[in-house]
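Student: Build out the structure end to end from the sequences listed, making use of the hints.
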Amino acid sequence: MEKQFKSLLKKAGNNSFSIPINNWIFAHGLIVVGVLLPFLFLLPQLFESSTTGQESSELLAHQTSEYTITTGVLILSVMGLTSFFGALFSWWITRYDFPGRSLFGSILILPLAIPPYLSAYTYSDLLSSTSWFQIYLTKLLPFSLDPQWFSISSIRGAIGIFTLTLFPYVYLTCRSFLSNQSRSLVENGLILGSSEVRIFLRLILPLMKPAIWAGSLLVAFEVLSDFGVVSYFGIHTFTVGIFTTWFGMNDLTSAVKMAFILLLGVWLLINTKRLWFHERRYQILSSQEKPLARKRLTGSTRYFIPMVLFLFLFIAFFLPIGQMIYWAFETYDMVWSGEFFQLIFNTLLVTLLASTLIIVTALISANVSRLYPQKSIQWLTQTSTVGYSVPSAILAIGTISLFHYVDLRIAWSLEFLNIPLVSPLSLTLSMLIFAYWIRFFAVSFQSIQSGFSKISPIYTQAARTLGCNITQSFWRVDLPMIKPALRGAFILAFIDMMKELPLALTLRPFNFNTLGTKVYEYAGNEQIQEAAFPSLMIVALSLVALYFILVQKKGAHS
Numbered sequence: 002m003e004k005q006f007k008s009l010l011k012k013a014g015n016n017s018f019s020i021p022i023n024n025w026i027f028a029h030g031l032i033v034v035g036v037l038l039p040f041l042f043l044l045p046q047l048f049e050s051s052t053t054g055q056e057s058s059e060l061l062a063h064q065t066s067e068y069t070i071t072t073g074v075l076i077l078s079v080m081g082l083t084s085f086f087g088a089l090f091s092w093w094i095t096r097y098d099f100p101g102r103s104l105f106g107s108i109l110i111l112p113l114a115i116p117p118y119l120s121a122y123t124y125s126d127l128l129s130s131t132s133w134f135q136i137y138l139t140k141l142l143p144f145s146l147d148p149q150w151f152s153i154s155s156i157r158g159a160i161g162i163f164t165l166t167l168f169p170y171v172y173l174t175c176r177s178f179l180s181n182q183s184r185s186l187v188e189n190g191l192i193l194g195s196s197e198v199r200i201f202l203r204l205i206l207p208l209m210k211p212a213i214w215a216g217s218l219l220v221a222f223e224v225l226s227d228f229g230v231v232s233y234f235g236i237h238t239f240t241v242g243i244f245t246t247w248f249g250m251n252d253l254t255s256a257v258k259m260a261f262i263l264l265l266g267v268w269l270l271i272n273t274k275r276l277w278f279h280e281r282r283y284q285i286l287s288s289q290e291k292p293l294a295r296k297r298l299t300g301s302t303r304y305f306i307p308m309v310l311f312l313f314l315f316i317a318f319f320l321p322i323g324q325m326i327y328w329a330f331e332t333y334d335m336v337w338s339g340e341f342f343q344l345i346f347n348t349l350l351v352t353l354l355a356s357t358l359i360i361v362t363a364l365i366s367a368n369v370s371r372l373y374p375q376k377s378i379q380w381l382t383q384t385s386t387v388g389y390s391v392p393s394a395i396l397a398i399g400t401i402s403l404f405h406y407v408d409l410r411i412a413w414s415l416e417f418l419n420i421p422l423v424s425p426l427s428l429t430l431s432m433l434i435f436a437y438w439i440r441f442f443a444v445s446f447q448s449i450q451s452g453f454s455k456i457s458p459i460y461t462q463a464a465r466t467l468g469c470n471i472t473q474s475f476w477r478v479d480l481p482m483i484k485p486a487l488r489g490a491f492i493l494a495f496i497d498m499m500k501e502l503p504l505a506l507t508l509r510p511f512n513f514n515t516l517g518t519k520v521y522e523y524a525g526n527e528q529i530q531e532a533a534f535p536s537l538m539i540v541a542l543s544l545v546a547l548y549f550i551l552v553q554k555k556g557a558h559s
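In this text, residue positions in the sequence shown follow this note's numbering: the first is 2, and each later residue adds one.
Please note that a few of the clues may not be correct.
[Unchecked claim] Derived CB-CB ranges, DEER-like: (1) Leu-41 with Thr-472: 29 to 39 Å; (2) Asn-251 with Pro-510: 29 to 39 Å; (3) Gly-525 with Ser-177: 18 to 28 Å; (4) Ser-431 with Phe-319: 32 to 42 Å; (5) Phe-85 with Phe-134: 25 to 35 Å; (6) Ile-136 with Gln-343: 45 to 55 Å; (7) Phe-342 with Ile-411: 27 to 37 Å; (8) Met-482 with Arg-410: 23 to 33 Å; (9) Pro-510 with Ser-414: 15 to 25 Å; (10) Val-198 with Pro-481: 43 to 53 Å.
The hints are simulated quantities; they were obtained by calculation from the structure and are not laboratory data.
Don't be surprised by glycine CBs; every beta carbon is placed ideally from N, CA and C.
Tutor: Next up, the structure:
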C-alpha cells in the first residue's frame, strides 16, 4: 500500500497544474502572500529619487562600496571560523571516546543562549583598560602592555564574538550528519593505512560539505541581520548603513535601495551552493551500514581534547556569564525595580504569541507540502521560507511600509462610515508579531517538515481509506505523531525571537520595552554593568528553552 501511495504522489507531482482547491490550499496561499507582501511594498520605492539631494546620493554611493567590502569580509571570516570549529568539534564528539564526552556533546550548544550583542557588550567592558583583567595582568607581568592590544571594538573583535556565539549552528548540523555516517568509510581508510587526521581531511570533511554549508549559511544570515554588535563596535556594515540612512538621514528611499543591494547579495550567497557542490549528491546507498564507532583515546590525547573543548566553552559561555552574574550582584540595588516584571511579561507576550502563530501556519504549509508534491506547490512552499534569509533591516522597512498603507486604507474606510479610529495597527503589537512571523517562519517549518518526513505515508492513506478527509486524518493521525517536532519547532522559534534585536527596536509600539531593548538602552548609555541583570534574564529564558531541547533529544535516543 505504501509503494502504491508513493507512486500516486509521484504521478501527481508530474502534473504541476492539477491542484485541487480546498481550505488547506487556500490557507497555504494566504500564508505565501502574507510573507511576500512586505517585500512587494518596497518595489515602488526603488524607482523613486532620493529626497536628500545629489551630494547625499554621491556620499551614499561611496559608503555603499565600503559597506559591501566590510560586510563581505565579516561574513566570509565568520563562516570560515565557525565551519572550522563546528566541524572539528562534531568530529571529536562523534568519533572519539574521552572523559566528559557525553557532557561536552550536550553543553557545546550553550553559547546559542547568549545573543552576540550581549557577548560583545560584556567582553568590551571586560577587556577595557580599567577592567580587573588588565589591572591584574599589569601587576602580574614585569613589563607594561599596550591597552589597545585588548580592544575588540573592531571588525576582528566582531569576528571573534560571532564565532564564539554562532559556531553551534555548524556543530549541530555536522554532528547530525556524522551520527548517520557509515562506519565502513573510516574502517576502509584505516585498512588502507591512512591516519585519523588524513581520514578526517581527505574522506570525512569532503562528505560533510552539505552539513557545513547548511550550518554556515544560518551563521551568515545571523551576521547579516545583526545590529547590536556592529553598531556598538562602530563597524560599517549594510545593516548599520540601512538604519543610519533611514533614521539618521531620514532618507527611506536610499535605505530601500541599499536594502535591495543587500538582498541581491543574500541571493548570491544562497546560490553559491550550486557552485560548491556541482550538482553532486551525498548519501549512503546501503541500508546495512552502521554508524561510526567511537575510538577510545589514550595517553596525552585523552586529556587534550577535553581541555580544548573546556577552554573554548569557558571563553564562549562561562566567562561572559560569570562576569554578568558578578555585575548583576553589584548593580542589583541600582537597576532592580518592578519594571523588570513588565519587561519579562512584554518579552514573553510577544515571543509566545508570535511562536504560536508561527507553529499554526508552519503546520498548514508543511502538511500541504507533504500531501501535494506538485512543482507549483513546492515552489510556493520554498518561497514562504524566504523570511529567514532576509536581513531584519529589510524586513523592518517592508513591514512599516505595508502597515502604513493598511492604516491609511482603514482610516479612509472608517471615515467614510463615520466610525472613529481607535488606534492604527502600526501602533500596536501586531506589526512586531507580523515581522517575527515572517522572519522565523522558516525555522519552525523546517523542523515540522522534518517531523513529517519521518512518518510513513501509509498511516495517512489508511485513515483516508477508512473515510477520513484531509482535516480529520490530520487531527487524528498526523498531528499526534509529530508532537516532538512541534515542541522543537516552538522552542527554536522562541529562542531566536528572544535574541532578535533590530525588529524589536524598530517595530515595537511606543513606550513598549522588552529585555533586549532595555539591554540596548543601557549599552547605548555606556552602562554595561547595569545591563547585566536584564541580559542574564534573556540568557536564563533561552537556557530553559535549550534544556527542553536537550531533554527531548535524550528521550528520542533512549
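Student: Hint by hint, say whether it matches the structure.
Tutor: Going through the hints against the structure:
Against the hinted window of 29 to 39 Å, the Cβ-Cβ separation of Leu-41 and Thr-472 comes to about 31 Å, which satisfies the hint. Judged by the Cβ atoms, the range 29 to 39 Å given for Asn-251 and Pro-510 is violated: they are separated by roughly 21 Å. Restraint check, Gly-525 to Ser-177: a C-beta distance of roughly 39 Å breaks the suggested window 18 to 28 Å. For Ser-431 and Phe-319, the hinted distance range of 32 to 42 Å is satisfied, since their beta carbons lie about 40 Å from each other.
For the pair Phe-85 and Phe-134, the supplied restraint of 25 to 35 Å holds, since their beta-carbon distance comes to about 26 Å. For Ile-136 paired with Gln-343, a C-beta distance near 37 Å fails the hint of 45 to 55 Å. The hinted range of 27 to 37 Å is satisfied by Phe-342 and Ile-411, whose Cβ atoms lie roughly 33 Å apart. Evaluation of the 23 to 33 Å hint for Met-482 and Arg-410 yields a failure: the beta carbon distance comes to about 43 Å.
Range check, Pro-510 to Ser-414: Cβ separation about 22 Å, and the 15 to 25 Å hint holds. Judged by the Cβ atoms, the range 43 to 53 Å given for Val-198 and Pro-481 holds: they are separated by roughly 47 Å.
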